[in-house]
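S.K.: Below are the chains, spelled out letter by letter.
There are 2 protein chains.
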Amino acid sequence: MKTQQSTTFKAIADDTRLRMINLFVTSRKPLCVCEIVDALRLPQYQISKHLSILKNAGLIDVEKDGTWGYHYLIEDNSLNKMLITFLKKYLAGDVFDDDIKKLEMRLLLREDGKCVVGFVDEKELFKKLKDREKELAIKE
Amino acid sequence: MKTQQSTTFKAIADDTRLRMINLFVTSRKPLCVCEIVDALRLPQYQISKHLSILKNAGLIDVEKDGTWGYHYLIEDNSLNKMLITFLKKYLAGDVFDDDIKKLEMRLLLREDGKCVVGFVDEKELFKKLKDREKELAIKE
DNA sequence: ATATTATATGCTAATAAGTGCATATAAGCA
DNA sequence: TGCTTATATGCACTTATTAGCATATAATAT
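So the protein sequences, as listed, match chains H and F. Quick note, the first sequence lines up with residues 0 to 139 if you use numbering that gives the first Met the number 0. Quick note, the second sequence lines up with residues 0 to 139 if you use numbering that gives the first Met the number 0.
Keep in mind that the hints were calculated from the coordinates and are not lab data. Where hints are given, some of them may not hold.
20 angstroms max Cα-Cα, derived EDC-like pairs, lysine to aspartate or glutamate [as the list claims (entries may be wrong)]:
#1 Lys1(H) - Asp13(F)
#2 Lys9(F) - Glu121(H)
#3 Lys1(F) - Asp97(H)
#4 Lys9(H) - Asp14(F)
#5 Lys88(F) - Glu74(H)
#6 Lys1(H) - Asp14(F)
#7 Lys133(H) - Glu121(H)
#8 Lys1(H) - Asp96(F)
#9 Lys63(F) - Asp96(F)
#10 Lys1(F) - Asp13(H)
#11 Lys1(F) - Asp14(H)
#12 Lys9(F) - Asp14(H)
#13 Lys88(H) - Asp75(F)
#14 Lys54(H) - Asp13(F)
#15 Lys1(H) - Asp93(F)
#16 Lys9(H) - Asp75(F)
#17 Lys88(F) - Asp75(H)
#18 Lys1(F) - Asp96(H)
#19 Lys54(F) - Asp13(H)
#20 Lys1(H) - Asp97(F)
Based on the provided sequences and hints, a complete structural model is requested.
M.R.: Okay, here's the thing in structure tokens:
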């Protein structure tokens, strides 16, 4: 006897995966692997593997767009709905909040709502964001 | 880095422990080991061990009364409060509902709100409950 | 084609978790 | 004191889980 509930809790009973889910529930948009990697500062293979665990548990799904893969929470069933509503309140505090800040920065690099770069470390991110500002200043 | 949230999810990411928590959240009263054993029909050492896992995660505590130990959910912090409110809705279905039925029967054997017997299997339970009925009939 | 980039996955070693059984503890009772 | 009962725990065994590294796949660009 194996319940859906315990399968789900096993899937989220890990700090890395909780941090990933936190990104999903707060950003409210599909995220690609490189964005998650940059927000959490963890190796790409870890993020990919943890994503596949969440996927096998029926919590997320992917939509492919070229080489990019946009992962998103599955919210069209009542158990997941309850869970997501709960997690939105339940996940808060140091790490979780820091991750969100990093993700928000990183999402500024999107163009037309799409990810257009791979991994960028913190320095590169700041540089890119400054360049972006300059471009905007010129256009005005 | 280890969050309280992942510690908690690890603790409840197991069917036996979810079933135990289900008993707590629905019965809304401290339960002793033998009552849980009888409701879930699992060996006593398993129940004891799973209880200690829940305890180490900060989800339950015990109040001793002689040899009996009454275990109850810790609800005086905001994370646990959120969790319990959520689980009350989230845990439902076949096993969970059956367990509740068994527990309710078993709790009928209490006297003055206290557990007064050890393990009783299904046959014995029915027998005891019939005897109880007879006693009550005589008293009236 | 070849190279590059985004993502996935196979393998291994290390660690953790769960089950079963026996036994320990500790309180109440004869 | 010794006996029973409710509960806890130590040990052995098995199975899961995770991290790390290398490599595979697959789409795009040159």
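S.K.: Are lysine 1(F) and aspartate 13(H) close enough, with their CA atoms no more than 20 angstroms apart?
M.R.: holds (9 angstroms)
S.K.: Is it true that the CA of lysine 9(H) sits at most 20 angstroms from the CA of aspartate 75(F)?
M.R.: violated (25 angstroms)
S.K.: Verify the proposed pairing of lysine 1(F) with aspartate 96(H), using a straight-line Cα cut of 20 angstroms.
M.R.: holds (15 angstroms)
S.K.: Does the structure keep lysine 1(H) and aspartate 96(F) at a Cα separation of 20 angstroms or less?
M.R.: Judged against 20 angstroms, a Cα distance of about 15 angstroms means the pair holds.
S.K.: Take a quick look at whether lysine 88(F) and aspartate 75(H) sit within 20 angstroms of each other, Cα to Cα.
M.R.: holds (17 angstroms)
S.K.: Please work out if lysine 9(F) and glutamate 121(H) have their alpha carbons no farther apart than 20 angstroms.
M.R.: Measuring from Cα to Cα gives roughly 32 angstroms; hence the hint is violated.
S.K.: Below or equal to 20 angstroms on CA atoms is what counts here, so check lysine 1(F) against aspartate 14(H).
M.R.: holds (7 angstroms)
S.K.: What's the verdict on lysine 88(F) and glutamate 74(H), does the C-alpha distance respect the 20 angstroms limit or exceed it?
M.R.: holds (17 angstroms)
S.K.: Given the proposed pairing of lysine 54(F) with aspartate 13(H), does the C-alpha separation stay at or below 20 angstroms?
M.R.: It holds: about 19 angstroms lies between the C-alpha atoms, which stays within 20 angstroms.
S.K.: Tell me if the straight-line CA distance from lysine 1(H) to aspartate 14(F) falls inside 20 angstroms.
M.R.: holds (7 angstroms)
S.K.: Given the proposed pairing of lysine 133(H) with glutamate 121(H), does the C-alpha separation stay at or below 20 angstroms?
M.R.: Satisfied, since the Cα-Cα distance of roughly 19 angstroms is no more than 20 angstroms.
S.K.: With a cut-off of 20 angstroms on the C-alpha distance, tell me whether lysine 54(H) and aspartate 13(F) pass.
M.R.: holds (19 angstroms)
Consistency with the previously given hints fails for numbers 2, 9 and 16, ordered from lowest to highest.
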